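**Student:** Residue strings, one per chain:
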Amino acid sequence: MASASLPEQVLKHLFSFLTSDKDRNCVSLVCKLWYEVERRCRRSVFIGNCYAVTPDIMIRRFPQLTSLTLKGKPHFADFNLVPDGWGAYVDPWIAAMSQSYPFCLEEIRLKRMVVTDESLELISTSFHNFKVLILLSCEGFTTDGLAAIAANCRNLRELDLGESEVEDLSSDWLSHFPDGCTSLVSLNISCLGSEINFSDLERLITCSPNLKTLRLSQAVPLEKLPDLLCRAPQLVEFGTGAYSSEVQSDVFSNLEEAFSGCKKLEGLSGFWDVTPAYLPAVYPVCSRLTSLNLSYATIQNPDLNKLISRCHNLQRLWVLDYIEDTGLQALAASCKDLQELRVFPSDPFGPEPNVSLTEQGLVAVSDGCPKLQTVLYFCRQMTNAALVTIARNRPNMICFRLCILEPRSPDYLTLEPLDAGFGAIVEQCKELRRLSLSGLLTDRIFEYIGAHAKKLEMLSVAFVGDSDLGLHHVLSGCESLRKLEIRDCPFGDKALLANAAKLETMRSLWMSSCSVSFGACELLSQKMPRLNIEVIDENGPPDTQSESCPVEKLYIYRTVAGPRFDMPGFVRIMNQDAAH
Amino acid sequence: MMELQLGLALCGNSAKGYNLDDFNIGSLCGNFNLNNNIMKGSSSEILDVQDENNVQVLQTLPLLVWDKDDADGHNESQRKDGDENGMVGWPPVNALRKKLCHQSRHRLYAGAMNYVTVKNGGVGGGGRGSNCYKYVKVKMEGIGIARKIDLSNFQSYGTLTDTLISMFGKSRENGDVYKLTYQDKEGDWLLAGDVPWRAFVGSVQRLKLIRDEDY
Chain A
3 MASASLPEQV LKHLFSFLTS DKDRNCVSLV CKLWYEVERR CRRSVFIGNC
53 YAVTPDIMIR RFPQLTSLTL KGKPHFADFN LVPDGWGAYV DPWIAAMSQS
103 YPFCLEEIRL KRMVVTDESL ELISTSFHNF KVLILLSCEG FTTDGLAAIA
153 ANCRNLRELD LGESEVEDLS SDWLSHFPDG CTSLVSLNIS CLGSEINFSD
203 LERLITCSPN LKTLRLSQAV PLEKLPDLLC RAPQLVEFGT GAYSSEVQSD
253 VFSNLEEAFS GCKKLEGLSG FWDVTPAYLP AVYPVCSRLT SLNLSYATIQ
303 NPDLNKLISR CHNLQRLWVL DYIEDTGLQA LAASCKDLQE LRVFPSDPFG
353 PEPNVSLTEQ GLVAVSDGCP KLQTVLYFCR QMTNAALVTI ARNRPNMICF
403 RLCILEPRSP DYLTLEPLDA GFGAIVEQCK ELRRLSLSGL LTDRIFEYIG
453 AHAKKLEMLS VAFVGDSDLG LHHVLSGCES LRKLEIRDCP FGDKALLANA
503 AKLETMRSLW MSSCSVSFGA CELLSQKMPR LNIEVIDENG PPDTQSESCP
553 VEKLYIYRTV AGPRFDMPGF VRIMNQDAAH
Chain B
46 MMELQLGLAL CGNSAKGYNL DDFNIGSLCG NFNLNNNIMK GSSSEILDVQ
96 DENNVQVLQT LPLLVWDKDD ADGHNESQRK DGDENGMVGW PPVNALRKKL
146 CHQSRHRLYA GAMNYVTVKN GGVGGGGRGS NCYKYVKVKM EGIGIARKID
196 LSNFQSYGTL TDTLISMFGK SRENGDVYKL TYQDKEGDWL LAGDVPWRAF
246 VGSVQRLKLI RDEDY
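So the sequences go chain by chain: A and B.
Here the numbering used here is used: the first residue of the first sequence is 3, the next is one more, and so on.
Here the numbering used here is used: the first residue of the second sequence is 46, the next is one more, and so on.
It should be emphasised that the hints constitute simulated quantities derived from the structure, not laboratory data.
A portion of the hints provided could be inaccurate.
[Said to hold, decoys possible] As a list, the in silico DSBU-like pairs of lysine-lysine whose alpha-carbon atoms are at most 30 Å apart:
hint : chain 1 : residue 1 : chain 2 : residue 2
1    : B       : Lys144    : A       : Lys226
2    : B       : Lys224    : A       : Lys308
3    : A       : Lys113    : B       : Lys215
4    : B       : Lys143    : A       : Lys485
[What the hints assert, rightly or not] Quick look at which bits of chain A chain B covers, simulated, 3 or more residues with Cβ under 8 Å:
hint : stretch
5    : 76-84
6    : 217-228
7    : 399-408
Since this is a predicted model, take the numbers as computed values, not measurements.
C-beta: ideal position from N, C-alpha, C; glycine also.
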């Protein structure tokens, strides 16, 4: 009966052209032969929730991996909503892979995971050709672990510590890099707090001729920058350390000359603690910049404006709200290639506005920048009219995250909810993949979202909605929804139980300070055995809760791994003990 | 298999207020906040008291009473780990940004040369650093003696009003209903409750409780 099937070698060759995980997953579903061929030649795996699968399951299916990307804690962990000790330990993964992939694994990328020095040491000694270590928003390790990586990974190309929390035990971990040339292409140590040994840093940079990305920590003073930059004029991305110093003309001219020498520089970041007089030193590179991250830089106008208006080729700008509406208008006029804008709050906890940044700034950018597709905007006031205008201007919007600082703020002119405005966004922006809502919103917005946001993959919602109907609209209408995170909304049991099956089509659902009862969690876990229903409650042992008690925090995710057993006392996985 | 019908007309906000009995309130010796790292010397016991002749009078004051019903019905979360304004994780900024925000405010208070100008909301700063406080004078119609209260201990108009009423020895059950008014930075007297809480705290200079005639 077997029709002539393509020989395995041919299949393998064909599959080698498939780079996206989605395509590879589809291909593995065609037939058993294709599944077998594909799994043996898959080299790169992305696991969006480390608890959705176990290391063993992954290794059994994919015997030869070059690259693994793992994500751990839910997104709201960035804002302190996930208690310490919740989980996301990478150790079991490293342990298993060190046995199975010693000669093939070269790249590990982690986000929001707990990493130990033991794991880092194991990585550095187990994988013979280890090249890339990316640790974004991770924690649990010290500079000792980094020393092991530096010392043992002879082919290290990328070391990126992202915004991880690293315990600084010593400043000399950099000295553990071998003498002689390194193969470093990217080094990001911007999150480190303590002192750096400058001669080690200088030596490392000098011996890394392939270095393209260098992001320094705040400990590196401005005076050191000219010297470092001169050792690496080939840099494409550079993050300064502290950018403040007493104004001295020779330091300034050295710095300006050093920047002038970087002919390939396209991205700048850092700028901790800025002395404005030194900003003109970067003017020589401005016209080439495509990416500028000033989101920690306390620069105000007119200095800020003078800098940004020189960057005509900017595609990505991250900045504090010191830019104000006037700055955003100038941005709209001069940066026609802008694709991504993030405006962060300089004083998020202050009761009154400290800057003149309103909805007008965002409207101006949406009007002037035809390629704008990714927005993160913190502000204190918004109107439906502004949102409608933004939607009309930018139907190509892909990611729209608006954070109005005061919860439940209405349209400040009409005092109405912002349903119409956000509704226009989801209606006009048909490619919208990510959305964050804020301000005063009723169930109506969720009706719009359910009806129109067919490509929406991630939705973040806080202090909005009226009733379960809101949640029901989203769960029943958003076909592409993968991640839903909710806090302080009046959503309860009904919508959740009525849409139980939907949850298995998503990666995860987070709900905190809502009205989901303990009893509903039990019911849901009985109904859906392939979901882990985690009830997180720091106020008391979960066993003493009555059925109708609302749970403090709820994290639901699909998994083929079954319940986990590494959780702390304040996390309970529903139905864990029941036999199926 | 359980099927749940989702009716078309669901009732409105079904959020229940937090049942404060779940938390160990116990004896509320002036310690409002259910969390521990609170303003030092939490002087909710108001010691600075003056009579109409502006003579300092030290008095033993009654223990402050915590009113369980949150009068404005907001879904307020409890203070946790000293987060700003009592709302954990809001606004959604990461830990590094929060730290920098505190640092720049601290520099402002230290009087050091600072690039950042933050509009200061009044005594002790309008912000919410861990040692921020905001004392304002409170008067009640018909009562000679004024009080002082630390507004940073409160999170809503309802709890503030109820606390003040109790402080002056009145109670709602006895028919004592009062409206809270305040004097803002421009010197105008306004009815409290129209502006968001945090904006109110930033601009209030003094408080007065007046009898609510409509009751």
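**Student:** Taking the hints in turn, state whether each one holds.
**Tutor:** Cross-check of the supplied hints:
1. B:Lys144 - A:Lys226: 25 Å, holds
2. B:Lys224 - A:Lys308: 51 Å, violated
3. A:Lys113 - B:Lys215: With Cα atoms ~55 Å apart, A:Lys113 and B:Lys215 exceed 30 Å; violated.
4. B:Lys143 - A:Lys485: 26 Å, holds
5. 76-84: Answer holds; 5 residues pass the 8 Å Cβ test.
6. 217-228: Three-residue rule not met by the stretch 217-228 of chain A, so violated; n is 0.
7. 399-408: Held - the stretch 399-408 of chain A has 3 residues with a Cβ nearer than 8 Å to chain B, which meets the minimum of three.
Consistency with the previously given hints fails for numbers 2, 3 and 6, ordered from lowest to highest.
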